[in-house]
Amino acid sequence: MKILVNGIQSNLRFSSAHVIPGHESCGFIHGHSYFVDVEIEGERTGKFEFVVDFKDVKGFTKEFCNELDHRLLIPVFNELIEFKDFDKKTDSIDGLKENKTIQFKIDGKGYSIPSVDCVLLPLPYTSAEELSKYFAEGLAEKLSESYDNLKYVAVCVNEGIGQGAEYRKEL
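Residues 4 to 174 in the numbering used here are what the sequence shown lists, from first letter to last.
Hints were generated in silico from the structure; no laboratory data involved. Here the structure is a predicted model, which means the values were calculated and not measured. Accuracy of the hints is not assured; some may be wrong.
SDA-like cross-link-like pairs, simulated, lysine to any residue; straight-line CA separation at most 25 angstroms [said to hold, decoys possible]:
#1 87 - 42
#2 5 - 154
#3 136 - 69
DEER-style ranges, computed between Cβ atoms [said to hold, decoys possible]:
#4 16 - 56: 16 to 22 angstroms
#5 29 - 173: 41 to 47 angstroms
#6 34 - 111: 18 to 24 angstroms
Don't be surprised by glycine CBs; every beta carbon is placed ideally from N, CA and C.
Using the sequences provided together with the hints, build the complete structure.
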């Protein structure tokens, strides 16, 4: 059986700025008002024969949304972003997060942004595709702590009405 959670109606939203280095139009810092749809398939189980409690799905998804809301999303593992005093191959993202200011260059343009205004993501891009994978894997990990009856978790991150990307994490 499948359960569906509509991001607009369930208030699973976040507004963030991001950049996709090297892209002709998305290579500049810009933003979106995202919403997140969730689909989960699994066997009904437990006292109430739920696939999963909607409260858990919405709560965990909202946590991810809140983490990204009103921040600049920075894909740490993008090959076109050069961070000051940080080596992507040897240094930990946690160490970079400890800096008060995140300093980086993209195509010769320098940025210096307070770290509290950023979310450093272990991703190559902050595209809808990568964000949907990030959400699906995180949600699957959280739900797997309490549920062993799930077949997959699919998450669609929408950049607006009518355009989004969905990633399906098999369990």
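Name the hints, by number, that the structure is in violation of. As far as the earlier hints go, 1, 5 are violated by this structure, in ascending order.
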